[in-house]
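First to last, the sequence lines map onto chains A and B. The numbering of the first sequence is full-length UniProt numbering, which starts it at 1 and goes up by one. The numbering of the second sequence is full-length UniProt numbering, which starts it at 1 and goes up by one.
These aren't lab readings, by the way, just hints derived from the structure by calculation. Quick reminder that beta carbons are idealized off the backbone N, C-alpha and C, glycines included. Honestly, I wouldn't trust all of these hints.
As the list claims (entries may be wrong) - Okay, the calculated bits of chain B under chain A, using three or more residues with CB under 8 Å as the criterion:
{"hint": "1", "region": "4-17"}
{"hint": "2", "region": "31-39"}
{"hint": "3", "region": "58-72"}
{"hint": "4", "region": "133-143"}
{"hint": "5", "region": "153-160"}
{"hint": "6", "region": "187-197"}
{"hint": "7", "region": "233-239"}
Unchecked claim - Just a sample of chain B residues kept apart from chain A, beta carbon distances all over 10 Å, derived:
{"hint": "8", "residue": "75"}
{"hint": "9", "residue": "97"}
{"hint": "10", "residue": "167"}
{"hint": "11", "residue": "173"}
{"hint": "12", "residue": "184"}
{"hint": "13", "residue": "245"}
Protein chains: 2
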Amino acid sequence: MPAAPRPFDDVSAVHPCGEGEYAATVDAQWGVSNKPNGGYLLAMLGRAAVAGAGHEHVVTASAHYLHSPDAGAVTIETTVLRKGRSADHVRATLRQDGQACVEAVFMIGHLDEATSPYWDAGAAGRPSGDRDAAVRVPSTSPTGMRVPLMDQIDLRLDPSCLGFAVGSPSGSGELRGWLELLDGAPFDTTALLFAVDALPPATMEVRPTGWVPTLEMTAYVRALPVPGPLTILHRAGLVEAERVDETTTVWDSAGRLVAQATQLAGIRLG
Amino acid sequence: MPAAPRPFDDVSAVHPCGEGEYAATVDAQWGVSNKPNGGYLLAMLGRAAVAGAGHEHVVTASAHYLHSPDAGAVTIETTVLRKGRSADHVRATLRQDGQACVEAVFMIGHLDEATSPYWDAGAAGRPSGDRDAAVRVPSTSPTGMRVPLMDQIDLRLDPSCLGFAVGSPSGSGELRGWLELLDGAPFDTTALLFAVDALPPATMEVRPTGWVPTLEMTAYVRALPVPGPLTILHRAGLVEAERVDETTTVWDSAGRLVAQATQLAGIRLG
Chain A
1 MPAAPRPFDD VSAVHPCGEG EYAATVDAQW GVSNKPNGGY LLAMLGRAAV
51 AGAGHEHVVT ASAHYLHSPD AGAVTIETTV LRKGRSADHV RATLRQDGQA
101 CVEAVFMIGH LDEATSPYWD AGAAGRPSGD RDAAVRVPST SPTGMRVPLM
151 DQIDLRLDPS CLGFAVGSPS GSGELRGWLE LLDGAPFDTT ALLFAVDALP
201 PATMEVRPTG WVPTLEMTAY VRALPVPGPL TILHRAGLVE AERVDETTTV
251 WDSAGRLVAQ ATQLAGIRLG
Chain B
1 MPAAPRPFDD VSAVHPCGEG EYAATVDAQW GVSNKPNGGY LLAMLGRAAV
51 AGAGHEHVVT ASAHYLHSPD AGAVTIETTV LRKGRSADHV RATLRQDGQA
101 CVEAVFMIGH LDEATSPYWD AGAAGRPSGD RDAAVRVPST SPTGMRVPLM
151 DQIDLRLDPS CLGFAVGSPS GSGELRGWLE LLDGAPFDTT ALLFAVDALP
201 PATMEVRPTG WVPTLEMTAY VRALPVPGPL TILHRAGLVE AERVDETTTV
251 WDSAGRLVAQ ATQLAGIRLG
């Protein structure tokens, strides 16, 4: 029986426990097998970074993943690298039992609701599919791996990129989906850090494999999303020497580009 | 009269001056106006990170730019975040007069010469233009800004993306070029960190502006380049709220994809 869903705000909460220090708990369900999702951990770090900053929105985040923590207690140490009028820069390090697990640097600034694109190359075209016709991702992957995260969120994929689920990946290396939190909570700029890493590896539509651990991930938040499901495009780039780069673009329910991310991950291919 | 070119190896050199500490000198010529190039600074940090690691190649680098240093003396403090069998993770912070200017985290590992792509989406198609027909970028920009860097390197742009130089940007937001170091030195993995930021802003082909300062830049080195000029594709994504994202792809002279980067920069548009 799947674990009862817990709100994202709860599982990513951080609690001050010293000067620039926060305590948090990695939830056992927010990941793949027993490995917590990288975007979930980055969101947790982002909440600690915002808590210690003089501004409110994550604008950039770049993270290196050093060691996958187990579910349970972690600490987050934050250091303000620079305080500015328009943005602060904050380093945050997540540790478990003294071991560094994730280190990220954030630019925390202010995003205005009233902005609009000046110019857009449109290189990552927003998927035009129909969310009502999309298929919710189950919590067991085609390779038999348990993905408890999928019982905690409402993630749906376009049927045209579900070849991997029936043993026939399209070869496109591209997944298109829609993401909602189960409690219907809107996505703030820290929840967007989870959203950019919520889809299965885009390489599922090249060749399904086991765990594809994120090594480095960088996200840019470009606008504040309106409430409603996010549309997400997740694309693999080059698979070589057991590494793959993936790019992710996120739009809000009004069609506005709100976040972009790139990651390098390990993979047992190439 | 332009300053005599200095080899990249010299201007990016770092000298041990304590436990995990390095001294370096920011060259006045390697930048735009009096601002040093962000990729040049990242390469300097990368050399310090490699010096303190048990492996030899930069695989990933993610940097936040906090404050632009002046030409002159800087120090680089490195901290090994994790030592591993296949890779080390190293944080490096560049300071001038005690002020933090750039902080970056690196994954330092080993890239094998014998690898080849397993799968490639080909999303960033390698420019097919002719380097012999390309135009060397001069050290004065169309907006009248001095770019002394261009006297220090051999950077040539495809004539089809030079509209900006004659007041008629194509609107593509894309630059395609070829880069060589003037002393003909091959690009190692740290020099590639400079290469990903060597081109003018891709927004020149949207609308020429003044300085476009890098806020965050992340680079992945995917393979070791063979000697010879690099081919570089530099594309703008979304310009909004005085920020722009740019993606850069670099191929070696044999046509192999060797590096990828993304950056968020400030711009006086939107």
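Structure-based check of all given hints:
Proximity of the region 4-17 of chain B to chain A, defined as three or more residues with a beta carbon under 8 Å from a beta carbon of that chain, is not established by the 0 residues found. Evaluation of the coverage hint for the region 31-39 of chain B: breached, as 0 residues show C-beta separations to chain A shorter than 8 Å, against a requirement of three. A stretch counts as covered by a chain when three or more of its residues have a beta carbon under 8 Å from one of that chain; for the region 58-72 of chain B and chain A the count is 7, and the coverage holds. Counting residues of the region 133-143 of chain B whose C-beta lies closer than 8 Å to any C-beta of chain A gives 0; at least three are required, and the coverage claim is violated.
Counting residues of the region 153-160 of chain B whose beta carbon lies closer than 8 Å to any beta carbon of chain A gives 0, which falls short of the minimum of three for the stated coverage. With a threshold of 8 Å between beta carbons, the proposed coverage of the region 187-197 of chain B by chain A is violated, since 0 of its residues qualify and at least three are required. With a cut-off of 8 Å between beta carbons, the region 233-239 of chain B has 5 residues touching chain A; three or more are needed, and the interface restraint holds. Under the 10 Å C-beta cut-off, the non-interface status given to residue 75 (chain B) relative to chain A holds; the minimum distance is some 15 Å.
Every CB of chain A is more than 10 Å from the CB of residue 97 (chain B) (nearest about 14 Å), matching its label as outside the interface. With a cut of 10 Å on Cβ distances, residue 167 (chain B) stays outside the contact zone with chain A, its closest approach being about 18 Å. The Cβ of residue 173 (chain B) sits about 5 Å from the closest Cβ of chain A, inside the 10 Å cut-off, so the non-interface label is violated. Residue 184 (chain B), annotated as away from the interface, keeps every beta carbon of chain A farther than 10 Å; the closest lies near 27 Å.
Chain A draws residue 245 (chain B) into its interface by the beta-carbon criterion, the shortest separation being 6 Å against a cut-off of 10 Å.
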